[in-house]
Amino acid sequence: MTTQPTLRVAGDTHVGKVRTTNEDSMIVDPQRGLYVVLDGMGGANAGDIASQTARDAIREFVTQRRLTMEPKALLEASIQYGSAAVFNAAQEVRERHGMGTTVVACLIVDAKRAIVAHVGDSRAYLLRHGRLQSLTRDHTIVEELVERGVLPPEEAERHPYKNVLSRNLGAKPETRVDVFELEVKPGDRLLLCSDGLYGYASAEAMQYLLGSGDPPESVARDLIDLALRGGGGDNITTIVLEAPQPPPSSSEVVRTSGANAWWQRRARFLQVAKERGITKNPICRALPPEEALDLVALSLFQAIFHDLEKSTGVNVWTFAQNIAGGWFERGGKWEALRGLMDILAMSARTVVDEVRAGDVQLGFLLDIAVSRALVVAELALGGLLAERLRQVDGDLIQLHTALQETIDIGGLEAAAGEASADVDISFTGDVPFTDEATIPFMRPDRVITNPGISAELLGAIEKTLTIARARTSPRAELVKQVLTSLQTIATDDSGNFASAVLAARELWGVRAVDDASIMQLFDALDSARIITASSVHQISVPDAVRAKVLAAISAAHQRLVGATTGLVLEAVAPYSERLKDAQTKTGELRDKVARAERKRAELERKFANTIDQSQPWEKRGATEW
Amino acid sequence: MSDVDLVEAVSVLRDEVLETAEHDEGEVPGSEVFDALLNALTIGGESVPGLDLTLHDAVTRRLAWGDSEESVLADAERVFDRLMVAAERALRDPADRMVVIEAATQVAVTVARVVSLAAIGRASRDRAARLREEMTQRQLRDVLEKQRTTIARLEHETAD
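Protein sequence lines correspond, in order, to chains A and B.
The working numbering numbers the first residue of the first sequence as 1 and each following residue consecutively.
The working numbering numbers the first residue of the second sequence as 1 and each following residue consecutively.
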């Protein structure tokens, strides 16, 4: 392997399992930033000569002209030069007429720019953010037909001319080169390869190996092993280039090292919580000490861990809401909850301090993340307290109104009794009382803990889907089931995906994985969509609400079809797995047959020698086997 | 419905919905879904003949280039979610919004249908390929058995 300050590169090549000569060639030249894969073709050993001639010509051209030409033009011209060299070499020797080679080349300009060029069916792939994409389109007759729209893509794989090249180096002195500039991003992996790789390995497996995080030299080797396991019917050449990884962000450090360090100290956290008397807190007192530790302290510890891993606060929020909600429902006092949270916060602080003692930087980042989680817990408690305060506020308003009415009635009675005395004793407060909440943002009609869907919208959604169900044919049971599912999902105020998945599973029921069965499901989903879209116009609500109703039902629809398709993908997954297992088994059997064949040949030679020596001189060699 | 040309009004949301700024040159993931949406809006109606075919073509092309069914589906979901937000903001007339929402739902269902069919097609191919593998294995086992017999005979004869 070669290492550059900005790039890690490795290349490897293998003759394959069938061919006797390797007609592939490659250039791995970190000094000039030149990386090339060539796949030669032509009878009478001309393929290897073609690829080597082009390789030498390209390298020579780039070496001589790299300081005087612009990179894109340089790479393109070098390939043209290589093509002319192969063509001239073919003209010199009669047996080499018609020889040629494919090429895929990459010229690294700087840390952020690369030039990629290719002719023929050798390919360049880019792995970015874990996703593999091909950067080149093969120059085959079939690909050109697909590109022109003459041939559907699904037929390309079966076409008899799928491997016939429309361009190569050497057929003519000049050829058309596809060349483009690529912006290189940190962590990108670029793969240059001959058809011996992708012809015998699936794109998924290549993506898996390239994205494995292994160093380029082992990836280049593993890719070759992969193609060999797939049959190895051609020469295989791979070059793997890796742009340097960006330094991990602080949130990534917390997600990985921080979460890990936190998890390793769970025993310590529980110990500190116990020492600080968590088991004696009124919230935990009814439970056996160990169970209290598990249910309360360990739960918070795990919630913080999961939130560190995912950079969220949802687990801690849920923990705080559950524990506080349950406690308040049982009529528990605030002081006990405050005391419990303080113990847990102090235990967390102790753990963070210990991490900081071992690694100052990690401790600092973990401190911020854990503090954030604890603030989230406090906010969740604050939300609950606000809710309780709002209830108290409402009660006070009612009490005050009732009191005012009592005073008014008393005042009127007094006024009636003493009217003759001309004394004005009617009730007039100094400050008129207004029937409003004392804390302006806590309106009684506002649900604080769950902004959710308004009652009006909920009602309209239910009405629309009721109309839709009524308009559905009594025999279309599946459509009715879809409409019921849509209602469940659209009115689920938790906003998560779970209700869609549950509904999809119910719709799925017991179903065969074939076209007819799945189409029945999607036909029902489509019918439900059409009926809903027309039913929404039959409810009497303002247009703005109608649009919201349709948006909510459509979002539910989208989730339901997404979840249903997820189930289809889940159902077909085992087929690929079984195929892979079968392929592995076939590969193993092939190896066994090859070994046995070698042994048999060896034994036959041995046997022939034995027999020959037992014959008289004149008869030796005449024995037939 | 207002006089707004919906196809044009939705077209201008393309960059926002597809987040084109975050992608390099070339095909942006989910663009096939957005194009299908424009197609559905152009033709209109409850079902668009050709929408299935167009989407089938686009999705098959993506799958042929190595994208997984999950990623195609995820892109479609992302486009749908972002479109809902963008349409809510950009289209003032509720009737216009409803037309776009209907078209988007139609495209979402069609994408899911196409992806499901593609997955089932792949499963059939995998099943057929596995049968071929098993047939090859049987032949290889026969060959292996014959080789073992020959080897045993040769070992016996050379030992003599």
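There could be a bad hint or two in this list.
As the list claims (entries may be wrong) - From the derived model, a few chain B residues whose C-beta atoms are all more than 12 angstroms from chain A:
no., residue
1, Val7
2, Leu13
3, Asp15
4, Thr42
5, Asp67
6, Ser71
7, Val100
8, Leu144
Said to hold, decoys possible - Partial pick of chain A residues on the chain B-facing surface, computed with a CB cut under 10 angstroms:
no., residue
9, Ser134
10, Pro152
11, Glu354
12, Ala357
13, Gly358
14, Gln361
15, Val568
Hints listed in this document are in silico derivations from the structure and should not be mistaken for laboratory results.
Computed from a prediction, not measured in an experiment: that's the story for all the values here.
C-beta atoms are modelled at their ideal positions from N, C-alpha and C, and glycine is treated no differently.
Violations among the numbered hints, reported as their numbers in ascending order: 5, 6, 7, 8, 11, 12, 13, 14
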